[in-house]
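Next come the chains, spelled out residue by residue.
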Amino acid sequence: MRAPMNNLLKHALFWPAVTLLLLIALNAAMNPGFLAISWRDGHFYGNLIDILNRAAPLALVSAGMTLVIAARGLDISVGAVVAIAAAVAAVVIGSSSNLGFAISAALGVALLCGLWNGALVVGVGMQPIIATLILMVAGRGIAQLITNGQILTVYYSPYDFLGNGFLFGLPFAAVLAGAVITLLYLLLNLTPLGLFIRAIGINPMAARIAGVRAKPITLCLYAFCGLTAGLAGLIISSNVKSADANNAGQLLELDAILAVTLGGTALTGGKFSLAGTVLGALIIQTLTSTIYSLGVPPEVNLVFKAALIFIVMLLQSPDFRASLKKLAVRPAER
Amino acid sequence: MSNSATLMGLDRRLVPLAGTLALFVAMVIFGAVSYDAFLAPQVFLNLIIDNAFLLIVAVGMTFVILTGGIDLSVGSLLALTTMITASLLQKGSSPWLVIPLVLVIGTLFGSAQGFLIHRYRLQPFIVTLAGMFVARGLCYLIDTESIPVTHPVFQELAYARLPLGPGVAISSGALIAVATTLAAIWMAHATRFGRTVYAIGGSARSAALMGLPVGSALVRVYAFSGFCAALAGLTMTVYMLSGYSLHAVGLELDAIAAVVIGGTLLTGGVGYVAGTVVGVLILGIIQTLVIFNGTLSSWWTRIVVGILLLLFCVAQKLIESRAEKSR
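Just so you know, the protein sequences line up as chains A and B, in that order.
Anchor point for the first sequence: position 249 equals 249 in my numbering, and the numbering is continuous, going up by one each time.
Anchor point for the second sequence: position 141 equals 141 in my numbering, and the numbering is continuous, going up by one each time.
Hints were generated in silico from the structure; no laboratory data involved.
Errors might be hidden in some of the hints.
Each pair of labels, with its calculated beta carbon distance range [as the list claims (entries may be wrong)]:
no., chain 1, residue 1, chain 2, residue 2, range
1, B, Y35, A, S96, 33 to 43 Å
2, A, F161, B, V153, 32 to 42 Å
3, A, A28, B, L318, 56 to 66 Å
4, A, N203, B, V153, 56 to 66 Å
5, B, G215, A, L115, 39 to 49 Å
6, B, G215, A, L327, 15 to 25 Å
7, A, G100, B, L296, 31 to 41 Å
8, A, G33, B, T295, 55 to 65 Å
Don't be surprised by glycine CBs; every beta carbon is placed ideally from N, CA and C.
Assemble the whole structure, with the sequences as input and the hints as a guide.
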């Protein structure tokens with residue numbers, strides 16, 4: 001009886017899942033209608049559906065970030081890439097009204113951004129935080145250059161579908177994020193890719209000696225992270241029907257890193273959990289919704305997020321656990 | 001110094017600094033050739049006056065980066081300082097009480113981050129990221145609107161100018177920035193603390209084995225960065241005559257860019273406060289050039305800063321790999 005309980009407690013997803021359930025329970029206690037899901041205008045409707053929809057861009061970016069972090073990297077340029085992708089999509093739609101062309105152009109540019117980051121890390125050998133800092137600083141400038149410093153409004157109704165449409169009664173953005181992440185999950189678990197990424201994260205040198213093509217794989221991970229940021233940029237800009245070079249994806253890199261950490265991925269690389277990251281993204285979005293419903297100014301959200309980071313980070317620290325254990329054991333010794 | 005440690009007769013550690021200085025001189029020459037009024041002394045003094053808070057923050061950041069760390073909380077801490085100062089003054093507190101109070105708050109905030117980083121061996125990046133959220137969130141808790149500062153002492157400080165010659169004057173904020181810089185240069189090169197900082201950047205383990213107080217120095221480095229952010233906050237309160245939650249968004253990036261362009265290695269151990277000063281001046285002169293040009297839009301500043309960051313990081317890598325080869 002004790003062993004299964006211990007196994008459950010030790011499962012990597014246990015604490016993120018408990019956190020999410022507690023947050024949802026808190027909401028349900030304050031607002032009895034919170035859990036209700038109804039069918040309206042041909043699709044599901046309710047707070048939980050809304051959270052799924054709003055968490056989609058963050059979940060996508062966090063999935064890309066998880067892989068980069070798992071391979072001992074970091075990408076702090078994702079917010080800027082979101083702005084660039086949104087700007088490209090808005091400009092192309094404004095001039096050609098061709099949805100397919102706009103989407104492929106935006107995703108292509110986002111992929112290039114990711115490849116650029118990867119090339120600086122893998123090719124030049126820069127520290128990941130610095131390599132991606134360059135695009136983070138220059139990226140919003142580039143996005144403003146593309147939009148000519150204006151907030152571009154998209155007057156093209158098919159584009160709205162990405163961020164506001166519904167598929168199978170569910171928000172399209174959530175379905176898209178779910179599909180991408182499921183495919184990624186299968187790819188990581190049915191091919192040796194997941195193993196290779198873990199190997200690179202645990203010891204890059206040893207991985208290379210063991211025959212893992214660390215450099216091309218790492219390059220691809222950054223490229224993929226750029227691509228997810230591009231997708232998020234499309235969803236975000238479609239959701240608000242405009243591209244704002246200054247504010248689209250603002251602080252998204254920090255939210256993504258927070259989602260990844262909350263999900264139990266070690267910031268030092270090696271150990272990662274894609275499912276945990278999805279839970280992390282849902283926790284962040286539920287927290288945001290909770291704060292809105294509490295009537296607290298939404299900006300205070302930052303303090304709650306910071307408290308979450310501190311707690312998770314301390315719990316992950318071996319030194320902190322050691323000092324906690326001392327505190328817990330001392331009374332018994334007396 | 002053996003011959004292998006030099007490049008064209010220059011100490012290798014000075015190469016990045018020399019590159020930075022050469023870039024600054026080149027930009028000044030370019031400006032002087034292109035625009036008539038560019039060489040006026042006041043144009044240069046304005047570089048310091050308009051970037052006083054950036055210079056103060058970047059000086060604190062230099063010490064953090066010298067230990068191989070990073071401090072992302074400085075911009076938010078600066079904004080928090082402007083908010084606390086403005087709201088306390090509005091409630092009628094004496095500035096002679098408020099000024100030391102906010103400096104202490106900034107220092108304690110930094111020390112707390114340093115303590116977490118040292119004691120629990122957490123990554124500086126993630127600790128100061130959380131610190132950034134806390135400080136910015138507290139700003140909004142105080143007020144989401146801008147608070148004007150009307151206290152006579154701050155008003156006087158804002159308009160006070162120390163004349164340096166005919167038609168040339170410097171502001172109180174710039175004087176504070178210069179004083180902070182001089183104090184920091186003294187700290188880096190003439191105190192035990194400074195030597196420990198350089199030693200930690202070289203190798204924290206070796207420094208500890210040599211018996212240097214690595215832990216307390218790390219805490220003090222972040223405390224100093226917090227102090228600088230608070231001092232910069234006071235300077236900005238005087239400069240803007242207001243406290244606002246959205247002051248100095250992204251300032252930490254500019255400060256890091258200034259330190260890197262100033263020739264400090266991000267891996268720690270190598271760099272000079274003087275280099276950071278030139279780095280800040282280069283960021284300032286890019287802005288000045290964009291303004292003098294008149295047709296370039298403001299976003300070019302960001303793009304050029306990004307390109308410079310790239311060039312300097314690549315150059316640092318080249319110098320590093322050369323140093324390894326010559327070993």
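Each hint, compared with the structure:
1. B/Y35 with A/S96: 33 to 43 Å: This hint holds: roughly 40 Å between Cβ atoms.
2. A/F161 with B/V153: 32 to 42 Å: 58 Å, violated
3. A/A28 with B/L318: 56 to 66 Å: This hint holds: roughly 59 Å between Cβ atoms.
4. A/N203 with B/V153: 56 to 66 Å: 59 Å, holds
5. B/G215 with A/L115: 39 to 49 Å: 41 Å, holds
6. B/G215 with A/L327: 15 to 25 Å: 21 Å, holds
7. A/G100 with B/L296: 31 to 41 Å: 35 Å, holds
8. A/G33 with B/T295: 55 to 65 Å: 56 Å, holds
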